[in-house]
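Chemist: As a plain string of letters, each chain reads:
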Amino acid sequence: MKRLASMLLLSLTTVPALGAQTSAAPREITVYAAASLTDAFSELGKLMEQDALPTRVRYNFAGSQQLAVQLEQGAKADVFASADQRWMDHVQERHLTAGPAKIFAHNRLVVIVPKSNPAHVRELQGLARRGVKLVVGAEAVPVGKYTREMFRRLERRPGFPPAYGDSVLANVVSQEENVKSVVAKVQLGEADAGVVYRSDVTPRVAPGVTVLEIPDDANVLASYPIAILTGTADSAAAGDFLALLLGPEGRRVLARRGLTPAETMP
Amino acid sequence: MGSTLTSSRASERLALSLHVVASAVLVTLLGLPVVALVLRVPPGRLLERLRDDALLEALRLSLVTSVFATLAVTLLGLPIAYLLATRTFPGKRLIEAMLELPMVLPPTVAGVGLLLAFGRQGLAGPVLAAFGLSIPFTTIAVVVAQAFVAAPFFIAATRAGLAEVDQRYLDAAATLRSSPSRTLFRVMLPLAFPSLLAGAAMTWARALGEFGATITFAGNMPGVTQTMPLAVYLALQTDLDAAVAMSVLMLALSVGVLLGIRLVTPHLLPAGPFARSPGR
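So the protein lines, in turn, are chains A and B.
According to our numbering, numbering within the first sequence proceeds without interruption in unit steps and concludes at 495.
According to our numbering, numbering within the second sequence proceeds without interruption in unit steps and concludes at 290.
With the rest of the complex left out, here is chain B (with noise of 0.2 angstroms):
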């Protein structure tokens, strides 16, 4: 009886250390690119070289566009979260795997499926010459591909903060006389704040990295398309130097993003998508 507790112990043991090793080999291969990135460049050089214009251009157009695509998602996003989160239709499963494909496709199939539909030449193509439009290797490409394959972020982060609003509280609303769209603005969308805000700010950061459906759909122009992470991409075949310093810029960037919504969520949401923290 003895030599099996001990026996049992023992194996609990490498289990654990098994679970530590693990653990530092998953950390070292996250963490040590990050690292590896900061420590490449002296700090002074890193700023004489984000004084660059042609860096300034592309973080510019980062910005405007990862912004643009983020309002855009947050406005139509948010109608079909809450019909998502709220009815059952038909046809709805199939909607929800669409809303989710964006997550699992690579992103250069997705530039290559956003030509064959809103190219010139594509599907959707004689609508908008119609109305004078013609889209790729435009600044609009540029938020439509960071749209397209940051959307799911914030659908799923805001569906999930609406259903999880106690029924108690629409119930209550109900015997108010609280109509639907007054109950959606007075009770659900303030209780699911956090979860909007947590979607938005990953939809904002997906969108600041697109790369592959952005060089795909929008080409690659410095100025009109040619955003932080291409020119990185193309930096690293002529300027090692410069592109390690856009990288830092980007990576603080995003770890910016990360550390906002760690901040903000986790006191005005309980049990928000991104922000549990272990004590809870």
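If we strip away everything but chain A, and leave its shape as in the complex, we get (with noise of 0.2 angstroms):
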């Protein structure tokens, strides 16, 4: 009993211990984005192990709405790349960031469906079928709000039938939370059609998937804001990253994963 409730103590004086880092480990940085980032980003991360002064990236992908909302609870982070303005708005109002977010990229939206087609959907429209199920983001998930914005404008395209958003909306089988999701659906030809980003084909992912292009005066743009956010812990490898992502390297990378780099660079 005695060695017991010694081994019981000891125990419990040990896990505050756990917690402590030794000033000597390599700088560590913990970057929460988009879901859609997931390739660009991972590559960017091992560029960051390489660089002369290494630093990990730990990363948290998920949908940018699901994010913002971990970061708005106190999770610590250091930087917060989001897919859409909405949620880095929703970040910044509550004083979570330390300085101006920076647009560093932007994607477009793109169809996929199925190698296998089932429902043989060869062009956008398509995807009004009665009976073709499609999958798109949820409404909160930004992929979601492009999608609903980009099925409108369609409509009002020549070669379009007058209710093609509301018969398309109608189609729709699941609301998935998050981009990636949306791919697997597809992947698996569960789904018909999919609503996804361009950067979201990956090798990997395109032998799988027919991609139907949307024409550009559609498509909507969307745009990937990136903030340092204030509760980092070390500001100079976060800073580090930025530049990383900013500069040359990261441009060839966001561009190698399907994102298109903003123009507008400081």
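Hints in this document: simulated from the structure, not taken from any laboratory.
The reader is advised that the hints may include incorrect statements.
Away from chain A, derived, C-beta distances all over 12 angstroms, residues of chain B [said to hold, decoys possible]:
#: 1; residue: E106
#: 2; residue: V234
#: 3; residue: Y243
Short, incomplete list of chain A residues facing chain B, as computed with Cβ under 7 angstroms [claimed, not checked]:
#: 4; residue: V298
#: 5; residue: S403
#: 6; residue: G418
Just so it is clear, CB atoms sit at the ideal spot from N, CA and C, and this is done for glycine as well.
Two chains, two frames, some hints: make the complex.
Modeler: Pasting the structure below:
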């Protein structure tokens, strides 16, 4: 009994020590980033580790709306990259950002259908056909908001029926909580079509899907703002991450991953 | 001698206080979130929130699907619980393990498995398609996901209840030339009924709370597949108050189920799996 008691005591006293960090540890930052940035940012993370001053980047990839709420609820992070201005504003209004947010990239919407194409969707008009199983992002998710806007714009174009937007949205069978779930449902062939970002059609996804392009004048240009957060534990490392992202190397990575680097760079 | 006694008494006291401290930590861990949920929204605001159409739609869907899932699990689970409780057969261990798996499987994994098995492109997809069925993104998918994760609770409780029926009653029935099925319906089931009820209630509660398998297999569509847990999760990302109101409602339902089990089972069942009171 005595031994058990002393073991219990020992374990209780050692627990707080686990949280402490030694100062000799390599630099480490936590980046909260929109799910659609998964591939580009993962590659940037590898570059940061190989840097002269190596920095380990931990990521939390999820829907921007979810990340914003987590930050609002006190999650510790150094950098936030959102897929739209709405959720960056949300975080800024709560005074969680240190300094202004910068738009670093743009993304475009595309429609993807499984290679097997069970619903025979060959052009955008086909999405309005009854019975097509369309999967989109939920309204609160940036991609979901962009998607709805895009269908309204298509409706006003010649060659599209007047109630196009409504017929398409009536075909929605699921509103996913982040864009990667939309990709997965199409990849698995369970959805007949999905609306995702161009950058989501990664080399791993591309072989299984067919991409339907959306005309420029109807497409919604998604803008990605990024900001350092007030809660950062290492603002120098966070600054280095932004410098890498906004610099030529970062731009190359973004472009390679299907994003368009923002034109007006500081 | 005396000093050994005192030191052993002291260590007993230390052990007891450690028990109390550990219990207090755990009770706080489990209880504080519940208190926090209830305290967050004033009751008046809560009632007003609960009249929201979207919430009522999700609640209705949750109740309908979880009841259907429980019925399906009860009908399909009773025969297998009976077989497992009364027979030995080759492969029994394997089947037992399979039936317990959903209890330990992460629900999201269950959802992926369900998609790969019963999805349109899944293993059973062509067979289902032959009957004109496509399950993902339908209310049926919600019921299937709930039944998948909740079935083990019913089977385990029912099996235990059936196995605990005193052999002497069965022998007595046999001497009275009761057929096995007559014995099942007239002797075993009435005696094991409280276990069945407890199992069904646990199944219902688990089905009601199902999230991971549902959002993966059935997707998220208000009125079709968006059950309460999904509605809470999505509301959390846009409207915190609404999420809390829904959570409190779910909490009330769950407490109701647990109290129900406790009220129904203890006096009916001396050795029920969920109803052992410390006084006995």
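Chemist: Which numbered hints are broken by the structure, listed smallest first?
Modeler: Result: hints 2, 3 break, sorted rising.
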